[in-house]
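Novice: Could you put the whole structure together from the sequences, leaning on the hints where they help?
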Amino acid sequence: MVRATKEKAHGDGMPIETELKLQLPQTLQGFDSRLLLTRLQPSLRSKGTKKVLRNVYFDTAERDLAKRGIALRVREIGRKRIQTLKVPNGSALGLQSFRELEAELPNDQPSLAKVGDRALARELRQGIWPKLQPVFLTNFERTSWRLPYRESEIEVSLDRGSILAGDREEPIHELELELKGGNHIDLWGAAEELLDIVPFRLGHVTKAARGYALADAASPQPQKAAPVKLTDDDTVATAFEKIVAGCIAQMQANEAAMLATGAVEAIHQFRVALRRLRAIVGAYRELIDDTVHAAWSIDLRWAQRACGPARDLDVLVLETLSQMSSHLQHDEAFQRFLQVANEGRAVARREAIQALHNPRYAAMQLQLFQGLHDGAWRHALAGPILDAPVRDFAERLLQKRYKRLMKLGERWSELPDAELHRLRIFGKKLRYVSLAFSSLFKPKATKRFQDRLSDVQDCLGAVNDGAVGRQLVRHLAERAGAQGALEPNNLQRIQGMVVGWQTHAAHERIAECAEIWTTFAETKQFWRMRR
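The opening residue of the sequence shown carries number 8 in our numbering; numbering runs sequentially from there.
The calculated EDC-like cross-link candidates involving lysine to aspartate or glutamate, where the alpha carbons are at most 16 Å apart (straight line), are:
1) K57 - E162
2) K57 - E148
3) K121 - E107
4) K58 - E148
5) K58 - E162
6) K449 - D239
7) K121 - E109
8) K87 - E111
9) K435 - D462
10) K57 - E83
11) K187 - E162
12) K231 - E272
13) K57 - E181
14) K414 - E426
15) K436 - D465
16) K54 - D166
17) K54 - E148
18) K414 - E529
19) K454 - E529
20) K436 - E402
21) K435 - D465
22) K249 - D239
23) K187 - E26
24) K236 - E248
25) K74 - E130
26) K436 - D458
27) K187 - E107
Treat the hints as calculated values from the structure; they're not laboratory data.
Specialist: As structure tokens, then:
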């Protein structure tokens with residue numbers, strides 16, 4: 008767990024900047040910021056300090072500074088020119104934290120002589136500093152207030168302006184909460200109070216990162232889960248926090264991709280991140296405080312369901328209707344039905360993206376961050392287990408999940424659809440837990456097991472897709488009928504065609520399931536193999 012700190016300087020003497028960014032809707036351009044801030048300090052009288060800030064960011068053409076996570080800017084404040092180097096400081100989950108080196112300059116050009124860290128200056132001298140060039144600029148008005156809040160002092164800044172890179176421009180409209188002294192947990196508390204008044208999204212990237220993306224015309228891309236690096240020295244609690252951090256990182260990356268492009272894969276990977284998070288929260292159920300567990304579980308289920316229709320319609324259209332369309336190009340009724348499905352798919356995608364703007368989504372993240380960092384997630388009676396080494400815990404958990412799957416799967420060929428769905432869920436939970444703890448076990452044996460379990464999941468997934476697809480087709484037929492897009496006889500014909508196609512595909516996969524299940528059942532349980 009990351010402990011709260013009151014330190015404002017790194018061991019090398021550099022000041023530390025720790026902040027939380029709140030992205031405001033563009034529709035709130037004219038809101039009364041002072042009225043908002045009285046929520047944090049009812050006696051607020053100050054109109055705030057206003058500055059117009061123009062910042063030019065420098066890097067090489069190869070982005071050598073960005074690759075190191077470093078940002079270099081020259082800020083224009085009136086006649087002054089201030090050079091700032093920001094170096095990553097291993098920030099707490101949900102916050103942005105940097106070591107800052109600032110110095111006044113005689114002109115607009117960066118100066119290596121003004122870099123106060125000798126080791127960093129030596130690193131930048133050769134091959135980087137001589138090749139620096141302007142990359143992008145930010146130009147915005149900042150209104151700032153210093154507020155005492157709980158046990159801390161927070162600077163709240165309202166930034167309005169733009170990022171400019173060549174002929175491309177992106178708006179800046181955000182509140183920045185910077186810890187000037189005290190406990191960084193208070194940043195989340197302040198944000199939570201502000202959320203009751205103004206909707207916002209949590210900003211996961213800096214202005215510098217946004218500027219680089221704009222300059223390089225780079226859009227956020229869908230991301231699969233990165234491996235979680237655990238060791239035998241990790242405790243059960245530490246492992247949980249690392250796994251949850253990995254889930255949140257995947258969630259945030261795909262949130263950005265959803266907002267930027269609405270890509271099918273981004274929505275899919277966003278839901279995968281939520282399922283992984285729900286799986287580990289469920290696996291730790293007895294070790295998590297009851298109140299915290301209830302809040303996390305309810306919110307995560309809501310977020311997953313908010314994206315469910317978009318994903319289900321993506322699967323139906325891309326894996327069934329589009330394939331059928333290639334054989335039914337001259338069937339006008341079917342093509343109109345496909346159009347209705349694509350319209351429904353577009354609506355579902357917009358609703359999934361809109362959920363990211365819902366204050367409930369920001370509140371969910373704030374609750375996750377606070378619960379992890381203040382230790383509130385830990386069950387009061389679970390201390391001895393949470394502080395024990397993680398490997399034995401992981402082995403017991405995997406064995407428990409495996410036994411549950413195998414017991415139901417012994418008679419998989421006799422199971423009705425509802426029980427096959429339950430078997431699929433058991434398999435999914437085992438797979439997510441095995442992925443979470445993979446780094447504790449032999450890589451080859453672990454991957455072999457996971458690959459064969461994935462084959463089982465794919466087979467059972469075909470059955471589930473058929474069941475979900477039948478419901479979706481019925482709803483789409485009702486929509487098409489209400490719109491007058493198709494005659495009843497055509498709707499019945501098309502529903503029958505789609506169900507027949509899906510049933511045939513499911514039967515083909517089920518025919519393979521016996522061999523797939525046997526192969527999986529014979530696979531060694533990697534958690535029982537010593538390294």
